[in-house]
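Q: Protein chains in written order, with this note's numbering: chain A, 30 to 352; chain B, 20 to 304.
Please keep in mind that the hints were generated in silico from the structure rather than gathered at the bench. In this text the structure is predicted, and so the values were computed from the model without any measurement. All C-beta atoms in this analysis are idealised placements derived from N, C-alpha and C, irrespective of residue type, glycine included. No false leads were mixed into what you were given.
Across the chosen pairs, the derived CB separations fall in these ranges:
| id | chain 1 | residue 1 | chain 2 | residue 2 | range |
| --- | --- | --- | --- | --- | --- |
| 1 | A | Arg204 | B | Leu27 | 54 to 64 angstroms |
| 2 | A | Pro52 | B | Phe104 | 35 to 45 angstroms |
| 3 | B | Asn138 | A | Ile179 | 48 to 58 angstroms |
| 4 | A | Leu127 | B | Gly147 | 46 to 56 angstroms |
| 5 | A | Leu127 | B | Trp175 | 27 to 37 angstroms |
| 6 | B | Ser100 | A | Asp182 | 48 to 58 angstroms |
| 7 | A | Ser55 | B | Phe104 | 33 to 43 angstroms |
| 8 | A | Trp306 | B | Val202 | 40 to 50 angstroms |
| 9 | B | Gly231 | A | Ala189 | 41 to 51 angstroms |
| 10 | A | Ser340 | B | Asn193 | 46 to 56 angstroms |
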Amino acid sequence: MSLELKHCPILIAIALAAFLVLPSISLATEVLIFAIIALGCSILLGYAGLLSFGQAIFFGLGAYVASLSQIHLGVNFLVGLLIATAAGATVAALVGALAIRRQGIYFVMLTLAFTQLAFFVSYTLDEWTGGDNGLLDVPRNSVDIFGFEIAIDSSEKFYAFVAISFVLIFLGMIRITHSQFGRTLLAIKQNEERATALGYSVKWYKVLAFIFSGSITAYAGGMYALFLNFAPLSNVELIMSEHILIMAIIGGTGNVYGAVLGSLFLVVVGDMLSAFWERWLFLLGGILILTVFYMRGGLISGLYGVFEFLSQKFGSASTQKES
Amino acid sequence: MELFFFQLLNGLGLGVIYFLLSVGLTITFGLLNFVNFAHGAFYMVGAYVTFVIVSLTGNFWLALLIAPLVIGTLAIALEQSVVKFSYVLEHKYQILVTLGVALMLQELVIMIWGPIGKNVSPPSSLAGIIEIGDFIYPKYRAFVIAFSALIAIVVWWGLEKTKFGALVRAGSENAQMVGLLGVNITRLFSITFGLGGLLAGLAGVLAAPLRGADPFMGVEALGIAFIVVVIGGMGSFLGALVGGLVVGVMQSVMSSVWPEGASLMVYAAMAAVILSRPRGLFGRA
Numbered sequence: 030m031s032l033e034l035k036h037c038p039i040l041i042a043i044a045l046a047a048f049l050v051l052p053s054i055s056l057a058t059e060v061l062i063f064a065i066i067a068l069g070c071s072i073l074l075g076y077a078g079l080l081s082f083g084q085a086i087f088f089g090l091g092a093y094v095a096s097l098s099q100i101h102l103g104v105n106f107l108v109g110l111l112i113a114t115a116a117g118a119t120v121a122a123l124v125g126a127l128a129i130r131r132q133g134i135y136f137v138m139l140t141l142a143f144t145q146l147a148f149f150v151s152y153t154l155d156e157w158t159g160g161d162n163g164l165l166d167v168p169r170n171s172v173d174i175f176g177f178e179i180a181i182d183s184s185e186k187f188y189a190f191v192a193i194s195f196v197l198i199f200l201g202m203i204r205i206t207h208s209q210f211g212r213t214l215l216a217i218k219q220n221e222e223r224a225t226a227l228g229y230s231v232k233w234y235k236v237l238a239f240i241f242s243g244s245i246t247a248y249a250g251g252m253y254a255l256f257l258n259f260a261p262l263s264n265v266e267l268i269m270s271e272h273i274l275i276m277a278i279i280g281g282t283g284n285v286y287g288a289v290l291g292s293l294f295l296v297v298v299g300d301m302l303s304a305f306w307e308r309w310l311f312l313l314g315g316i317l318i319l320t321v322f323y324m325r326g327g328l329i330s331g332l333y334g335v336f337e338f339l340s341q342k343f344g345s346a347s348t349q350k351e352s
Numbered sequence: 020m021e022l023f024f025f026q027l028l029n030g031l032g033l034g035v036i037y038f039l040l041s042v043g044l045t046i047t048f049g050l051l052n053f054v055n056f057a058h059g060a061f062y063m064v065g066a067y068v069t070f071v072i073v074s075l076t077g078n079f080w081l082a083l084l085i086a087p088l089v090i091g092t093l094a095i096a097l098e099q100s101v102v103k104f105s106y107v108l109e110h111k112y113q114i115l116v117t118l119g120v121a122l123m124l125q126e127l128v129i130m131i132w133g134p135i136g137k138n139v140s141p142p143s144s145l146a147g148i149i150e151i152g153d154f155i156y157p158k159y160r161a162f163v164i165a166f167s168a169l170i171a172i173v174v175w176w177g178l179e180k181t182k183f184g185a186l187v188r189a190g191s192e193n194a195q196m197v198g199l200l201g202v203n204i205t206r207l208f209s210i211t212f213g214l215g216g217l218l219a220g221l222a223g224v225l226a227a228p229l230r231g232a233d234p235f236m237g238v239e240a241l242g243i244a245f246i247v248v249v250i251g252g253m254g255s256f257l258g259a260l261v262g263g264l265v266v267g268v269m270q271s272v273m274s275s276v277w278p279e280g281a282s283l284m285v286y287a288a289m290a291a292v293i294l295s296r297p298r299g300l301f302g303r304a
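Only chain A is shown next, with the shape it has when bound in the complex:
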């Protein structure tokens, strides 16, 4: 349990700090939701070494399923999110199992083709998804347990729910990445042939990574639809996949806190810049290039660099390193 004991306070502190420091509660909500989504991408890219353009599939799917199950089945929001998560896991298993049959550029192309397929399927099924207009009036059906009604009808309550989800999902993923499973993924990423030779079923590990990634992304996608009360078609666009990738890479993959930094950077800087400069994505493209050339570990590695520099300078043994 020591792992959870160590990380739980940090995660709670992040959720509280986002609430207190950021200018608006909706911005803080968005940061935490996208932190989960960037984490989903980071598990594939940072641990399994899989560059996938497929994250928008799970994101959009989660948003649609969480919304549609509430609208048509009348389930409460929590059950809706769980159904979305299950759907995300199922589709991720399918997409993953097919995509990992090819490697390198062909793998990337397959994930790209699947995202485009998901987009055009969503577009075609406009009776369900609302097509181009998106799915409007997404409810947040309250939970009713033995007469106690739990509703997330205010933005504060919704933030509390997102924050709890954030802490639990991050703890779960920290546990998983520190387990033998996470270590094996890293081994596969470093040298796939060696991992195979050692007798690991590389395919299963990769599919499992897809399932973890897809399910948390779908859960977060569902939360995002509840947050906006709206599930736009742009959720399943290729551009969404690109943004998720950029977020994860700028933050730094291979470390769960990189996802938080990436989300924080894109959501907050994006919000600040877009107020007076709409074309700030121009800057983002440049930052992406610089990150690949000069800071492959992303912002989180830069942060660790600063920590290390400080701890060397002041010779303190109690480094703040949190990995």
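Got chain A sorted already, so can you dock chain B onto it with the hints?
A: Here is chain B on its own, set in the frame of chain A:
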């Protein structure tokens, strides 16, 4: 029957543009083993340069001459300043770098011309229609088919019959060996990259009067180019030609039967080809 023939011709017109769009992507992949996610942006900028030249001078032919050269120069400049430093990196980092370049070009275009598309009118000499008996067809589309076929022949000749083409083909087999034989391989790389950009820019010029110029056409074109290259086989000239025509005709014929399904089908075909036959129709194993 007549409608079918009309759609078939339209598909051919679309297909030859797709060929021009994709041939640079497939050759740079073959030679440099390099995946360029900014390739669609060359097509888009080509359409915008056409818009500028046509609205300034009213002369489409000038655009047809100048715009591809502008895009070729842009491609070489990008290769020299950014792209060549990523040749040594893994594929996934090349993808990310060129993704960054594509994003920057797209945003730059929006900064200059705004997010809403621009219309480009075809040259007045090609404005009307051709009548062959009962059959009528827009002159401009007929011109696109004929002109692109000519360019396809020129590209084929360049690849098969010139020394430069021989170097490109040899480099696709083994770039290191060609370098050891005393060929300046880095220069060969950047010229090929530039020519690939030039052809994508040309595709943008030809497409501009048909579909206008808008900032997001690059992303769309990149998707199409990937489909073509995958179906035809990566690194193959013939693959780009046949793949382009197949995708163009498929989209055009489907669009009269089931419009939403047209894109669905081509991406499904792309996934099916990668899964069942990754080297495509004409690619090497």
